[in-house]
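Residue numbers (the working numbering), protein chains in the order written: chain W, 1 to 113; chain Y, 1001 to 1313; chain A, 2001 to 2096.
By construction, these hints were calculated from the structure, which means they are not laboratory data. Warning: the hint list may mix true and false statements.
Claimed, not checked - What follows is a list of derived Cβ distance ranges for each label pair:
#1 W/Met-1 - Y/Ala-1311: 50 to 60 Å
#2 Y/Ile-1069 - A/Arg-2091: 14 to 24 Å
#3 A/His-2089 - Y/His-1170: 28 to 38 Å
#4 Y/Leu-1005 - A/Trp-2072: 51 to 61 Å
#5 W/Ala-55 - A/Ile-2011: 37 to 47 Å
#6 A/Phe-2034 - W/Met-1: 24 to 34 Å
#7 A/Gln-2058 - Y/His-1170: 54 to 64 Å
#8 Y/Arg-1074 - A/Gln-2058: 37 to 47 Å
#9 A/Phe-2034 - Y/Leu-1038: 23 to 33 Å
To be verified - Every beta carbon over 10 Å from chain Y, so not counted as near; a handful from chain A, in silico:
#10 Ala-2004
#11 Leu-2007
#12 Ala-2017
#13 Leu-2027
#14 Leu-2028
#15 Thr-2033
#16 Thr-2035
#17 Asn-2045
#18 Leu-2056
#19 Gln-2058
#20 Leu-2085
#21 Arg-2088
#22 Thr-2090
Each residue gets a CB set at the ideal place from its N, CA and C atoms; glycine is no exception.
Residues per chain are reported as follows:
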Amino acid sequence: MNAATLFGLSAAALIGVGLFGLLVSPHPLRKILAFNVIGSGVFLLLGAIARRGAALGMGGDPVPQALLITGIVVAFSATALAVALLLRLFDATGSVTLAADAPTAVPTDPDNV
Amino acid sequence: MINLLNIGLAALIVGLACWTIVARQPFAAVVGFIAYGLLLTLVWVQLYGIDVALTEAAIGGGLTGALLIGAAARLRGTDAAAAAERPGAPARWLAAGVSAAVTGALAIGVLSLPDPAPTLAHAVAANITSTGVGNPITAVLLSFRAMDTLLEAIVLLFALIGVWSLTPDHFWGGRPGLPQQADSNGILAFAARLLPPIGIVAGIYIFWVGADHPGGKFQGATILASMWLLTMMAGLTDAPPISRTWLRVWLVAGPLVFISIGFVGVVTAGAFLGYPDGLAKPLIVVIELALLPSLAVILGLLLSGPPQRKAQP
Amino acid sequence: MNFALDLWTLIAVAAGAVFFLAGTTGLLRFPDTFTRLHALTKADNLGLGLVMLGLLPQVDSVVAGLKLLCIWLLVLLSGATASQLIARHTRQSESG
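Take the sequences, apply the hints, and build the full model.
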């Protein structure tokens, strides 16, 4: 077993751990965290595959690694949008519950919000 | 080679990920996530992906961590109500079973990867001299897969528009974030005066050296954005109102230059984003120079969030 | 000469690791925020400095060594800023 296989297996473990957190945590911020763990696990899996493609003096296959850079940036932008949605939900309703029967808006004073 | 360092790193990141999931308070979970991101940077170095390690440290650990800490601080009183909604034991066991099944399937996939591994390194090495850059990842990002980079810049812009669309109606056109009443003689202001010159030099250096060594515009833009955010947090500068025309021009300038070079390539090289012979390196430099400020401002504004106050001058 | 440099690296990095261990023990065992901050910043700054001194003989060029020193100074600056901010906030929230 070499480093790429070891980190590939740990990436599989990370995806499983993140998936469990996504399914079980009720707080949306914990869900966003779990989603980021899943994302980094997927990136690590692709990175292990890139490492296995090392050739000609390059440490790893550059095409998957370039796609990974794109992926990390896009994952950050998705996280930013998700956090903005969550904070807006909190400002509008006063709680972060995702339950379907929650009150949808508390009356707010538009000049003081 | 597998060695003690790799085993330790793998155990640590899986352990930290588990701790992030089961930690009691969201704030503690976010701090654990930041440490997890920094350890992941070390893992990337062990996998010989230095550019990816730089990106993970800057964006995955740094910017995402700052974003989540801000959110955890604002949502501090909500964990009690959320904890009441935890699913019961049967649902948790089912979730654990599903996660274990996914992990098992992926592990079987990892262990049955083809040997020898297929690789595109030969194709990259054969064509890299036509691009004029020495770093193969920069060549892939800006020449062979330039379309992906263009779409990534546009996705960032769309995410920013999505964040702005969450503005309450009466704050539209205002400044993001709350006004910072920081002490202008305090410690944070001192750091915000001392660090940005160093940070700007480091950011531009990492951007410039990305042509031939690990680096690039995303990592450099992240450092520039974080220096800007530091001065905003210290109260030395204020966030710009989002209705200002110059801000919007600055945001779209990078992607527009990229798209126009792409259309010029249709005429001169026969394909969208094709580079004429001999002009590849100058065009790549132009694209990167145009994208760097746009990306820095987009990343900084993504972290600042939607406007929360009116834009009084 | 190489053996002496490698020996120096081993000793310095090991000493730095001991200081990091001491700082982390202080973080876990000390009773309140101020003592924990004290343990963290003193031990970690010195630990990082020792690790840097140990790695300096291993670099390939003077510029890389200067970059290592720059990293150490930046970590010192950010650690000092962060610990001052935490301490100030803790004192204000304890007395306020």
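Evaluation of the provided hints:
Roughly 58 Å separates the CB atoms of W/Met-1 and Y/Ala-1311, a value that falls within the hinted 50 to 60 Å. The hinted window of 14 to 24 Å between Y/Ile-1069 and A/Arg-2091 holds, with their beta carbons roughly 21 Å apart. The supplied range of 28 to 38 Å is met by A/His-2089 and Y/His-1170, whose beta-carbon atoms lie about 32 Å from each other. Checked against the given bound of 51 to 61 Å, the beta carbons of Y/Leu-1005 and A/Trp-2072, roughly 22 Å apart, lie outside it.
Our hint of 37 to 47 Å for W/Ala-55 and A/Ile-2011 holds, since their Cβ atoms are close to 39 Å apart. As the Cβ distance of A/Phe-2034 to W/Met-1 is approximately 47 Å, the hint placing it in 24 to 34 Å is violated. For A/Gln-2058 and Y/His-1170, the hinted distance range of 54 to 64 Å is satisfied, since their beta carbons lie about 60 Å from each other. Checked against the hint of 37 to 47 Å, the C-beta distance between Y/Arg-1074 and A/Gln-2058 comes to roughly 45 Å, which is consistent with it.
Distance hint check: the CB atoms of A/Phe-2034 and Y/Leu-1038 are about 25 Å apart, consistent with the given range 23 to 33 Å. Distance check on A/Ala-2004: its Cβ is at least 25 Å (rounded) from any Cβ of chain Y, clearing the 10 Å threshold; non-interface status holds. At roughly 21 Å, the least C-beta separation between A/Leu-2007 and chain Y is larger than 10 Å, which holds for a residue marked as non-interface. Residue-level check passed: A/Ala-2017 sits 13 Å from the nearest beta carbon of chain Y, beyond 10 Å.
Distance check for A/Leu-2027 against chain Y: the nearest CB is about 13 Å away, which clears 10 Å, and the non-interface claim stands. Distance to chain Y confirms A/Leu-2028 as a non-interface residue, since its nearest Cβ pair spans about 14 Å, more than 10 Å. Every C-beta of chain Y lies more than 10 Å from that of A/Thr-2033, the closest at about 15 Å, which supports listing it as non-interface. For A/Thr-2035, the non-interface assignment is confirmed: its Cβ lies about 20 Å from the closest Cβ of chain Y, beyond the 10 Å cut-off.
Non-interface call for A/Asn-2045 relative to chain Y: holds, since the shortest CB-CB distance, roughly 16 Å, exceeds 10 Å. Every Cβ of chain Y is farther than 10 Å from the Cβ of A/Leu-2056; the closest lies at roughly 19 Å, confirming the non-interface assignment. Distance check on A/Gln-2058: its Cβ is at least 16 Å (rounded) from any Cβ of chain Y, clearing the 10 Å threshold; non-interface status holds. In this structure A/Leu-2085 is not separated from chain Y by more than 10 Å, as the shortest Cβ-Cβ distance comes to only about 6 Å.
The Cβ of A/Arg-2088 does not lie farther than 10 Å from every Cβ of chain Y; its closest approach is about 7 Å, which violates its non-interface assignment. Here A/Thr-2090 stays apart from chain Y, with its beta-carbon at least about 14 Å from theirs, past the 10 Å limit.
The earlier numbered hints that this structure contradicts are 4, 6, 20 and 21.
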